[in-house]
Amino acid sequence: MNAVTLGLSAGTLFAMAVVFSYILSWASRKFYVDVDPRVTAIMEVLPGANCGGCGFVGCSDYAEAIVGDGATVNKCPVGGSSCAAEVAGIMGVELKETLPFRPIIHCGAHTEDKLHRHAYIGEQTCAAANLVSGIQGCTYGCLGIGDCTRACNYDALHVVDGLATVDYDKCVGCGACAKVCPRNIITITPFKYQRVMAIACSNKDFGKAVKDVCNVGCIGCKACAKACSLFQIEDNLSSINYDLYCQDYSEDLRKAIEKCPQKKIILVGKPTAKHLEETKDMDVPELVEAEFRTTVDDQEWWG
Amino acid sequence: MLNYLIDIFLIAVSAALINNFVLHYFVGICPFVGVSRRIEMAFGMGCAVTFVISIAAFISWAITTFVLIPGAPLSQWIAGFFVSAEMAAKVDLTILSYIVYILAIASSVQFVEMYVRKFYPPLYKSFGVYLPLITTNCAILFACLTIMSNIVGVDDPSAAWDLGRSLVLAIFGGVGFTIAIVIMAGIREELDLCDVPEPFKGVAITLIVAGILALGFMGFTGVDSGLRKAITPAAESQAILEESQPPKIVAQWLGDRNIG
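Protein sequences appear in the order of chains U and E.
In this text, residue positions in the first sequence follow this note's numbering: the first is 852, and each later residue adds one.
In this text, residue positions in the second sequence follow this note's numbering: the first is 105, and each later residue adds one.
Only chain U is shown next, with the shape it has when bound in the complex (with noise of 0.2 Å):
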């Protein structure tokens, strides 16, 4: 090792460096890909974490399927509304209000209104207690041993006294509680206000042997539907018409509420004070609010 080979080795790597820099560059412009800057403006905005959230396999997918597809600019969840807004403007269209999305548990009893209900012992789902007959005698109604609670990433969904109860403060309505949920009482549905009225039970039996098995579940009677057209009964079940739900029926919905016998139509959702002014000298079941003192937890322990 002398002066020669060091001073060789040096210009080596140098020329080496000079020659593939030289031709690098060249190929960088030749082979120059043009990328629409809104592709980039959008990446830009995009939250870029990834998740695919948006039905896309990133977010750079998501923006090139904006600007060469067409994809809606609403559709990433991390970004929310403030996002699909700054999307929008890239884009020069107009944003449409989009309904938040969430869950309603479609069943009001709790353990003392659940009645036949005998001890469960076998493995703690839903799931599994699904399969099992004579655990209580309504078989539409919640269980309350929570597997929409392990499914809730939010600690937005708690059993309150037997019966699952969401928080929509904390709710986000990613839909994951009512895609465990075995007996399907949960459903998205648009909140097209804060506080939107819901039918609290799924019993599709006739009045008597709802009655058989619970002490507030839906009958059927049909009341609600005389008072008001939003209402459908279905299989001895009450259902309210989410599409055509506006303000122009409050009086009806009125109306309905104080008809039900079982007065199993109530209000969910965040309250605000208008509507609570509004409902507050009448005899409506408030959804019990619940009280959180632990922290999540995902796992579960097997002793």
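No lab work stands behind these hints, which were simulated from the structure alone.
Warning: the hint list may mix true and false statements.
Said to hold, decoys possible - Once the Cα atoms are required to be at most 25 Å apart in a straight line, the calculated SDA-like pairs of lysine to any residue come out as:
(1) 194(E) x 861(U)
(2) 881(U) x 305(E)
(3) 222(E) x 887(U)
(4) 194(E) x 1095(U)
(5) 229(E) x 890(U)
(6) 222(E) x 892(U)
(7) 222(E) x 895(U)
(8) 1043(U) x 1012(U)
(9) 222(E) x 878(U)
(10) 229(E) x 874(U)
(11) 222(E) x 1043(U)
(12) 881(U) x 226(E)
(13) 229(E) x 942(U)
(14) 881(U) x 309(E)
(15) 222(E) x 860(U)
(16) 222(E) x 1110(U)
(17) 881(U) x 317(E)
(18) 194(E) x 862(U)
(19) 305(E) x 324(E)
(20) 194(E) x 896(U)
(21) 1110(U) x 1087(U)
(22) 1062(U) x 1088(U)
(23) 229(E) x 896(U)
(24) 881(U) x 214(E)
(25) 194(E) x 1088(U)
(26) 222(E) x 1088(U)
(27) 222(E) x 1062(U)
(28) 229(E) x 916(U)
(29) 881(U) x 229(E)
(30) 222(E) x 921(U)
Got chain U; can you put chain E on it based on the hints?
Chain E in isolation, oriented as in the chain U frame:
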């Protein structure tokens, strides 16, 4: 001439099947496991590696022959300006091999990436992060080092590999890589439909499959010397077998140096 063709043929078969880069030397394992989920992607990856490995082999052969080895024309000529001719003939730059090859590989990968992005956008998309990963693909460095060991390590300068042998090794090494990764992808596609026992799911079964595949390819061992005996004309065969040395494999040359 015939001997040269036989040599080329044996290098090709050896690189592609017998001494398969992935399944015999265990280099290039990361894309072998990482991109072998779907056959199309695996094939694309194999083609990209073959392409890059050829370019890298060409560059590294040229640099090794003209710059790095003792008595290389270019370094000898430049050194001639500063020292005497005998001193200049002794200048040995082979210590630069690793860094020079890495530089050459990285640059050619960068070049390929730009080229593919311009002319084959769907391929570019499906490669994703794996195309830049070829930069650090040991299979390519391994090919470069094999070529170098067959230029530097031979005693007789006339037996040193020429460009033809080097390119054949590189291209068929790439073909062997493609064969291995496509077989692997085929098995893994079938594996998706299989009822794999819970503890073996995912990475575990993949590695087991790779091991069994390597075991299968080990069955080719020794085929190259048999082939050489079979295709060499009978009269010459004895003489050639006595004279010729098997191509020095890089594992010998590297000793216990770990390039993995």
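Quick rundown of the hints versus the structure:
1. Between the alpha carbons of residue 194(E) and residue 861(U) the distance comes to roughly 17 Å, so the proposed pair stays at or under 25 Å and holds.
2. Of the supplied pair hints, the one linking residue 881(U) and residue 305(E) is violated, its CA atoms being roughly 46 Å apart against a limit of 25 Å.
3. About 14 Å separates the Cα atoms of residue 222(E) and residue 887(U), which keeps this hinted pair within 25 Å; it holds.
4. Pair hint residue 194(E) plus residue 1095(U) does not hold up; C-alpha atoms about 92 Å apart against a cutoff of 25 Å.
5. At roughly 16 Å between alpha-carbon atoms, residue 229(E) and residue 890(U) fall within 25 Å of each other, so this suggested pair holds.
6. Restraint check for residue 222(E) and residue 892(U): satisfied, since their Cα atoms lie roughly 21 Å apart, inside the 25 Å limit.
7. Under the criterion of a C-alpha separation no larger than 25 Å, the hint pairing residue 222(E) with residue 895(U) is consistent with the structure, at around 23 Å.
8. At roughly 29 Å between alpha-carbon atoms, residue 1043(U) and residue 1012(U) are farther apart than 25 Å, so this suggested pair is violated.
9. Using a Cα cut-off of 25 Å, the hinted pair residue 222(E) and residue 878(U) holds, with the two alpha carbons roughly 10 Å apart.
10. As the CA atoms of residue 229(E) and residue 874(U) are separated by approximately 24 Å, the hinted pair is consistent with the 25 Å bound.
11. As the CA atoms of residue 222(E) and residue 1043(U) are separated by approximately 48 Å, the hinted pair breaks the 25 Å bound.
12. Between residue 881(U) and residue 226(E), the direct Cα distance comes to roughly 19 Å. Compliance with the 25 Å bound is thereby established for this hinted pair.
13. A C-alpha spacing of about 24 Å is found between residue 229(E) and residue 942(U), which places the hinted pair at or below 25 Å, so the restraint holds.
14. A C-alpha spacing of about 45 Å is found between residue 881(U) and residue 309(E), which places the hinted pair above 25 Å, so the restraint is violated.
15. At most 25 Å may separate the alpha-carbon atoms for a hinted pair to count; residue 222(E) and residue 860(U) exceed this at roughly 35 Å.
16. At roughly 70 Å between alpha-carbon atoms, residue 222(E) and residue 1110(U) are farther apart than 25 Å, so this suggested pair is violated.
17. Proposed proximity of residue 881(U) and residue 317(E) is contradicted: the alpha carbons are some 42 Å apart, above 25 Å.
18. Taking the CA atoms of residue 194(E) and residue 862(U), the gap is near 17 Å; set against the 25 Å cutoff, the hint holds.
19. Proposed proximity of residue 305(E) and residue 324(E) is contradicted: the alpha carbons are some 30 Å apart, above 25 Å.
20. Straight-line distance between C-alpha atoms of residue 194(E) and residue 896(U) comes to about 60 Å, which puts the hinted pair past the 25 Å bound.
21. Distance check on the hinted pair: residue 1110(U) and residue 1087(U) sit about 16 Å apart at the alpha-carbon level, within 25 Å; holds.
22. Proposed proximity of residue 1062(U) and residue 1088(U) is supported: the alpha carbons are some 13 Å apart, at most 25 Å.
23. This hinted pair checks out: residue 229(E) and residue 896(U) have alpha carbons roughly 22 Å apart, not beyond 25 Å.
24. For the given pair, residue 881(U) sits about 13 Å from residue 214(E) by alpha-carbon distance, which is consistent with the 25 Å threshold.
25. As the CA atoms of residue 194(E) and residue 1088(U) are separated by approximately 97 Å, the hinted pair breaks the 25 Å bound.
26. Restraint check for residue 222(E) and residue 1088(U): the C-alpha separation of about 61 Å exceeds 25 Å, so the hint is violated.
27. Taking the CA atoms of residue 222(E) and residue 1062(U), the gap is near 71 Å; set against the 25 Å cutoff, the hint is violated.
28. Proximity of residue 229(E) to residue 916(U) is assessed by CA-CA distance (about 14 Å); at most 25 Å being required, the pair is judged to hold.
29. Taken as a hint, the residue 881(U) and residue 229(E) pair is honoured in the structure, with Cα atoms around 20 Å apart against an allowance of 25 Å.
30. Restraint check: the Cα-Cα separation between residue 222(E) and residue 921(U) comes to about 23 Å, which is no more than 25 Å; the hinted pair holds.
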